[in-house]
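Asker: From just these sequences and the hints, can you work out the full model?
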Amino acid sequence: MLRSSALALGGLLLVACSSTSTNGASGASPDGGPTGGGSGGAPQTVKAAEAEPNNDAAGAQDLGSAADSTTFVVTGELASGGNDGTSYTGDWDVFALTLGAAGKLDVSVDWQGAADVDVAIFDGSQKQLAADGATSKPASASVGSVSGKVLVGLFSKDQSAAYTLTITYTKAGSGGGGGGGGGGGTCPTTPVEPAAPASGCEITLSTAVCSTADVTGGKSFELAWSTNTTFCEGPHKLQIGGDPPSSWSGGNAVEISVSSQPPDARAGMTRNIGGYFNINAQDLAGLTSSSGVYYYRVLSFYGSASEVRAFKVVK
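One rule links them: number in the numbering used here = place in the sequence shown (from 1) + 1415.
One should not assume that every hint holds.
[To be verified] Distance ranges between label pairs, derived from CB positions:
| no. | residue 1 | residue 2 | range |
| --- | --- | --- | --- |
| 1 | Gly1701 | Gly1632 | 18 to 26 Å |
| 2 | Asn1695 | Ala1587 | 45 to 53 Å |
| 3 | Lys1652 | Asn1695 | 17 to 25 Å |
| 4 | Gly1633 | Tyr1717 | 49 to 57 Å |
| 5 | Thr1604 | Ala1517 | 19 to 27 Å |
| 6 | Ala1494 | Lys1542 | 24 to 32 Å |
| 7 | Gly1633 | Ala1466 | 44 to 52 Å |
| 8 | Ser1495 | Thr1703 | 25 to 33 Å |
| 9 | Val1558 | Asn1687 | 39 to 47 Å |
| 10 | Thr1703 | Glu1637 | 18 to 26 Å |
| 11 | Gly1615 | Gly1500 | 41 to 49 Å |
These aren't lab readings, by the way, just hints derived from the structure by calculation.
Since we're looking at a predicted model, the values are computed, not measured.
Idealized CB from N, CA, C, for every residue including glycine.
Answerer: In C-alpha cells form, the structure reads like this:
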C-alpha cells in the first residue's frame, strides 16, 4: 500500500501525461440535466454517469458549471488499479467543472469492495490543491476557497472499483457550514450530538461519516453500529433525521425498530453486539433536506444513545 504522500506522484503523472486542457463547458451535464444551481433557493444536485475516455486532464469529463451552490454526484467504475511503488499504473477517472465564484469545494468518493481508492483536487493549471491517499473509505478532500476551472481525479492503488463521487460546491456567503448546523451541501464531519452512554452500554456507529447513500433505482445503503457488549439490549432504535437538525422536533425524522434477528438483506441485530439496517428511498420519503445531508443515531432499549452522525443521500 502506498503512503498518502504518493498521491502527489499520481498528480504529477496526470500533469505529465496531459497537455493544457481545452475542454470548454458544454452547458449541460453528461446525463442531459442542468449544470448549476439557479439564483437563490436550495442548492441543486446534478447527477451524471462516468464516461470514458476521461483518463487525463486533456480528456477530463466535463460536468459543467456552477454559478451557485451545487452538488455533483457521479457514479462510475475504475476499470483497473495498480501502482509500481512510485506512481499509479491503472485507470484514472478525471472530471472537470467550472465554478463561477469563489467557494468551498468538498469532494468525497465511496466505493464497493476492498479496493484502495484515492482522490485529488487540482486547479485549472493542474496544480494539486488537496488529496486523500489514506486506505479508509470514503476518501475525501476539501479546498476552503476556489473558483474557475477545477479538476477532480480518482485512482485505485490495487484493483477495479465501482464508486459514487460526490462534489459539493458551496458558494461563499451562501450559508453552508460545518459543525452541527448542516445545510449548504457541506457535510459536517463532527458529531451533531455526542454519544450518551447509559447503563454501561456504549453504541458506536460503523458507517463512515459523510458516506454517500445512493438509494436511486431501488438501491439500498447500510447504516451499521456495534456495542461494547454490556447491557445493550434490543430492540435497537435507528433514528434518521433530515436537515437542518432543528427540523427534527417538527417531525422531520423517522424511527425504525430493529429487534434481534438473523442477518438478511434488510437488517440484522444481535443484542449486546450490534446490528445494521439497509435503508432505501421509501424509508426516507417523508424526510426533507435542502443540502442532501441527513443524520442518524442508534438507541438501545435502556436509553443509551450513539453520537448523531451525518451522511449524504442521493434519491
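Asker: It remains to establish, for every hint, whether it holds in the given structure.
Answerer: Hints and how they fare:
For the hinted restraint 18 to 26 Å between glycine 1701 and glycine 1632, the CB-CB distance of approximately 20 Å keeps it satisfied. A hinted range of 45 to 53 Å is violated for the C-beta pair asparagine 1695 and alanine 1587, which are about 36 Å apart. Between lysine 1652 and asparagine 1695 the beta carbons are some 18 Å apart, a value that agrees with the proposed interval 17 to 25 Å. Against the hinted window of 49 to 57 Å, the Cβ-Cβ separation of glycine 1633 and tyrosine 1717 comes to about 36 Å, which falls outside the hint.
Distance hint check: the CB atoms of threonine 1604 and alanine 1517 are about 22 Å apart, consistent with the given range 19 to 27 Å. At about 27 Å, the beta-carbon gap between alanine 1494 and lysine 1542 stays in the expected band of 24 to 32 Å. Checking the proposed 44 to 52 Å range against glycine 1633 and alanine 1466 shows it is violated: the Cβ atoms sit about 23 Å from each other. Checked against the hint of 25 to 33 Å, the C-beta distance between serine 1495 and threonine 1703 comes to roughly 40 Å, which is inconsistent with it.
A hinted range of 39 to 47 Å for the beta carbons of valine 1558 and asparagine 1687 is consistent with their spacing of about 43 Å. Look at threonine 1703 against glutamate 1637: about 23 Å separates their beta carbons, and that is inside 18 to 26 Å. Taking the beta carbon of each, glycine 1615 and glycine 1500 are about 48 Å apart, inside 41 to 49 Å as hinted.
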